[in-house]
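> Modelling step: build the complete structure from the supplied sequences, incorporating the hints.
Number of protein chains: 4
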Amino acid sequence: MVEIKYPVLLINFKAYRQSSGRRAVELAKIAEEVSKERGVTIIVAPQFTDIAPVAQAVEIPVFAQHVDPVSPGAHTGHVTLEAIKDAGAVGTILNHSERRLRIDVIDEIVKRAKELGLITTVCANTPEVSAAVAALNPDMIAIEPPELIGTGIPVSKAKPEVITSTVNLVKKVNPQVKILTGAGITTGDDVAAALRLGTVGVLVASGIVKAKDWRKAIIDLVTPMVS
Amino acid sequence: MVEIKYPVLLINFKAYRQSSGRRAVELAKIAEEVSKERGVTIIVAPQFTDIAPVAQAVEIPVFAQHVDPVSPGAHTGHVTLEAIKDAGAVGTILNHSERRLRIDVIDEIVKRAKELGLITTVCANTPEVSAAVAALNPDMIAIEPPELIGTGIPVSKAKPEVITSTVNLVKKVNPQVKILTGAGITTGDDVAAALRLGTVGVLVASGIVKAKDWRKAIIDLVTPMVS
Amino acid sequence: MVEIKYPVLLINFKAYRQSSGRRAVELAKIAEEVSKERGVTIIVAPQFTDIAPVAQAVEIPVFAQHVDPVSPGAHTGHVTLEAIKDAGAVGTILNHSERRLRIDVIDEIVKRAKELGLITTVCANTPEVSAAVAALNPDMIAIEPPELIGTGIPVSKAKPEVITSTVNLVKKVNPQVKILTGAGITTGDDVAAALRLGTVGVLVASGIVKAKDWRKAIIDLVTPMVS
Amino acid sequence: MVEIKYPVLLINFKAYRQSSGRRAVELAKIAEEVSKERGVTIIVAPQFTDIAPVAQAVEIPVFAQHVDPVSPGAHTGHVTLEAIKDAGAVGTILNHSERRLRIDVIDEIVKRAKELGLITTVCANTPEVSAAVAALNPDMIAIEPPELIGTGIPVSKAKPEVITSTVNLVKKVNPQVKILTGAGITTGDDVAAALRLGTVGVLVASGIVKAKDWRKAIIDLVTPMVS
Chain F
3 MVEIKYPVLL INFKAYRQSS GRRAVELAKI AEEVSKERGV TIIVAPQFTD IAPVAQAVEI
63 PVFAQHVDPV SPGAHTGHVT LEAIKDAGAV GTILNHSERR LRIDVIDEIV KRAKELGLIT
123 TVCANTPEVS AAVAALNPDM IAIEPPELIG TGIPVSKAKP EVITSTVNLV KKVNPQVKIL
183 TGAGITTGDD VAAALRLGTV GVLVASGIVK AKDWRKAIID LVTPMVS
Chain L
3 MVEIKYPVLL INFKAYRQSS GRRAVELAKI AEEVSKERGV TIIVAPQFTD IAPVAQAVEI
63 PVFAQHVDPV SPGAHTGHVT LEAIKDAGAV GTILNHSERR LRIDVIDEIV KRAKELGLIT
123 TVCANTPEVS AAVAALNPDM IAIEPPELIG TGIPVSKAKP EVITSTVNLV KKVNPQVKIL
183 TGAGITTGDD VAAALRLGTV GVLVASGIVK AKDWRKAIID LVTPMVS
Chain V
3 MVEIKYPVLL INFKAYRQSS GRRAVELAKI AEEVSKERGV TIIVAPQFTD IAPVAQAVEI
63 PVFAQHVDPV SPGAHTGHVT LEAIKDAGAV GTILNHSERR LRIDVIDEIV KRAKELGLIT
123 TVCANTPEVS AAVAALNPDM IAIEPPELIG TGIPVSKAKP EVITSTVNLV KKVNPQVKIL
183 TGAGITTGDD VAAALRLGTV GVLVASGIVK AKDWRKAIID LVTPMVS
Chain E
3 MVEIKYPVLL INFKAYRQSS GRRAVELAKI AEEVSKERGV TIIVAPQFTD IAPVAQAVEI
63 PVFAQHVDPV SPGAHTGHVT LEAIKDAGAV GTILNHSERR LRIDVIDEIV KRAKELGLIT
123 TVCANTPEVS AAVAALNPDM IAIEPPELIG TGIPVSKAKP EVITSTVNLV KKVNPQVKIL
183 TGAGITTGDD VAAALRLGTV GVLVASGIVK AKDWRKAIID LVTPMVS
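Residue numbers (our numbering), protein chains in the order written: chain F, 3 to 229; chain L, 3 to 229; chain V, 3 to 229; chain E, 3 to 229.
Don't read these hints as lab results, they were simulated from the structure.
Accuracy of the hints is not assured; some may be wrong.
Because identical chains cannot be distinguished in the list, a pair is counted as satisfied if it fits within a single copy or across any two copies.
With a straight-line Cα cutoff of 20 Å, these simulated EDC-like cross-link-like pairs (lysine to aspartate or glutamate) come out [said to hold, decoys possible]:
(1) Lys-113 x Glu-163
(2) Lys-161 x Glu-110
(3) Lys-113 x Glu-149
(4) Lys-38 x Glu-61
(5) Lys-212 x Glu-149
(6) Lys-218 x Asp-191
Bear in mind the structure is a predicted one, so any value in this text is a computation, not a measurement.
Right under this line is the structure:
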């Protein structure tokens with residue numbers, strides 16, 4: 003399994019037109035440059051179809067955005083952990099608010115990912131769900147109140163108690179799980195607040211993908227992470 | 003909220019022909035008789051369409067087998083907590099292996115059930131999922147390895163370590179949650195083993211529904227529960 | 003199979019609070035009175051939990067709002083055709099925009115419903131989907147552009163070409179299927195337009211359920227259907 | 003839209019280990035060689051993660067195995083038509099028995115695919131579902147009785163009446179749709195039978211992917227297609 007150095011900026015490319023195909027590779031390359039310049043871990047999560055080209059173009063960690071709970075075999079139109087690994091991914095996001103999973107499926111995928119040496123970041127919408135996810139032993143949890151996703155209103159300002167409550171509950175259940183803050187993050191201030199509240203990084207999508215200047219946006223976000 | 007006295011026998015009628023319609027009422031009445039004679043709590047969980055007739059016919063607690071994560075409103079073909087309560091149910095099974103739910107949905111339904119004074123019994127397939135569910139604060143968890151459901155091979159004999167591991171993990175996360183043993187339970191011996199391993203009751207379906215003599219089968223199962 | 007005399011008013015109770023539990027029975031009784039007084043077929047589709055009490059209280063046809071594609075057996079939390087029939091339903095709505103179904107599942111349920119003598123009304127959102135559904139041989143199709151559902155803007159006025167195009171396409175594929183108009187129907191004028199455009203009835207939910215005076219609302223809608 | 007010359011051999015790589023990653027490219031190259039040598043159209047459908055590498059390596063048509071019903075935007079873990087097109091696909095399989103779709107979703111994706119110049123091949127399990135799909139105007143339908151998929155028992159021998167009935171029903175609804183035979187195809191004889199029964203090609207997965215000698219297996223299957 004690839005060793006992740008925290009804090010972390012995890013960029014979810016979603017299915018945005020701006021971060022698809024050739025542009026996925028461009029965005030990943032800029033993330034790689036900033037990561038090297040500032041010494042901060044940046045993980046990129048492009049669409050399934052872009053994992054292979056992105057993983058060939060950059061050396062920073064590449065994640066999938068989701069995988070299906072199936073092993074290789076007769077599964078038309080499904081995405082296996084083996085397939086994303088073949089394509090060059092070292093981990094995956096799971097249970098994003100746009101792709102929620104059954105509780106038994108998260109358990110199954112997290113266990114199989116460990117066997118394959120793949121990293122898992124499981125999203126959660128409430129402190130209770132975060133604590134529940136922690137019991138399944140993923141590597142990271144991203145706490146994201148869905149009502150703030152894509153709004154530009156940072157959870158760290160709008161609902162700081164959601165973050166602190168998550169940190170407390172998760173620590174009790176499983177202190178080894180790393181916690182990221184998601185939803186509404188667009189500035190370095192938001193990141194600084196996320197770190198202050200006890201999380202070790204952020205999960206960002208539109209805040210970077212839709213920025214006019216990707217390089218500037220990424221630098222802004224990682225600056226509070228530079229030790 | 004109805005107060006449940008433990009230990010408990012929870013009978014899932016599933017969609018079996020033998021426990022549908024008029025026969026659902028008959029089975030519930032026999033369960034009620036045995037419950038009163040032996041002083042053991044028996045909960046019956048008939049199909050949605052049978053909740054109202056069953057709840058009118060008996061005084062023992064009636065559960066639904068599932069509810070959908072929606073509030074009353076424009077939701078064609080969905081089952082709300084309010085609807086099962088109107089029909090006379092005092093609680094519901096959730097996340098059965100034949101009706102698994104998303105982790106955020108379990109969180110949402112358990113929270114809304116508490117507001118409405120309804121009891122929740124959430125099924126789980128592994129010790130880790132049981133611990134995860136415990137973080138969501140349901141009233142009961144039923145640990146049921148799906149590969150044993152309907153086999154007549156009791157989990158308490160085939161995989162006792164699944165039960166003890168569940169009991170240990172759940173206690174650490176949330177000691178207030180009651181744990182039931184499910185899957186493969188058909189005899190009083192299986193129930194005695196389930197109680198010995200630290201759980202406070204059993205969840206049974208085919209073991210009773212498919213028995214030739216319902217009364218005899220229920221008496222056999224509750225006998226080890228008589229204090 | 004119960005013989006349906008057209009035109010038809012099909013009332014979908016959805017999961018509205020106003021048409022749940024005891025109030026479901028009240029609404030069904032008013033529908034029955036108007037049906038008898040005016041000699042127009044009115045079908046009521048209450049929630050699963052209300053089918054049995056409603057079917058016991060009235061003699062007009064009762065439908066379910068949905069069924070699951072499973073036969074009786076080990077299916078926790080599912081609704082079978084047999085269960086709704088036991089409860090007194092003579093048919094079911096399928097594929098409502100709030101409960102869409104897979105194409106193979108509609109085929110399977112329609113075929114099994116025929117074997118059991120149950121009537122099927124399959125909803126469709128476009129003329130093409132209506133034509134596709136017609137090839138599966140249901141008894142009725144309800145064409146409902148989802149963007150108009152619950153708006154009070156009748157499809158017969160806002161998009162009459164959707165209705166006429168549906169009527170034309172369905173006739174080519176399967177002239178025996180009866181077509182209902184749905185979405186936004188609230189007045190007798192809307193019903194008159196629906197009949198003029200070549201359909202043989204309407205599917206209504208909020209237009210009746212949310213009306214202050216149920217009796218008056220139903221009378222208004224069936225008046226254009228009186229021959 | 004790429005012009006397809008019929009008859010056609012469509013190879014579904016599924017999520018088989020044997021046809022993943024580097025081996026997906028190898029299999030596609032062999033398919034391309036045979037296609038050029040024999041002058042028969044061969045389409046390859048690798049996993050999402052393999053579309054880009056395969057499409058870069060070969061000039062024969064590349065299909066996806068499935069797409070999700072979403073436009074580009076905030077859709078984590080989804081596969082858009084735009085994404086598969088960016089990656090080099092010219093079409094997609096839809097509604098495979100291992101990835102069934104809602105009827106309205108097939109309608110939506112087929113319409114959007116046409117706008118984007120992408121070809122659609124929609125699978126169907128029965129003659130009635132085939133006729134229903136035909137009403138949605140896809141380019142091709144693949145009739146595949148699911149009980150025969152992966153068995154090596156060709157539908158053209160085991161259930162020829164399913165094929166002929168499909169051909170008849172589809173022709174009545176929409177004579178422009180091309181029909182492929184799927185399920186259990188492993189030999190040239192099976193392909194010859196499929197063509198004789200009125201279909202214009204075959205959809206094959208394990209019959210080729212699991213063959214010891216890919217080249218030989220493909221040659222065997224396309225030989226009856228050589229005009």
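> Are the hints correct? Go through all of them and say.
Now for the hints, and whether the structure bears them out:
1. For a Cα distance limit of 20 Å, the shortest separation of Lys-113 from Glu-163 across copies, 18 Å, qualifies, whereas the shortest one inside one copy, 30 Å, does not.
2. Taking the shortest alpha-carbon separations for Lys-161 and Glu-110, only the inter-copy value of 19 Å comes in at or below 20 Å, while the best intra-copy value is 31 Å.
3. Taking the shortest Cα distances, Lys-113 and Glu-149 sit within 20 Å of each other only across copies (18 Å), while inside one copy they are farther apart (30 Å).
4. Proximity of Lys-38 to Glu-61 under the C-alpha cut-off of 20 Å is restricted to the intra-copy arrangement: shortest distance 10 Å within a copy versus 38 Å between copies.
5. With identical chains, the CA atoms of Lys-212 and Glu-149 are at most 20 Å apart within one copy only, with a shortest distance of 19 Å there and 29 Å across copies.
6. Taking the closest pair of Cα atoms, Lys-218 and Asp-191 come within 20 Å of each other only inside a single copy of the chain (14 Å); across copies the shortest separation is 60 Å, beyond that limit.
The structure meets every hint from the earlier list without exception.
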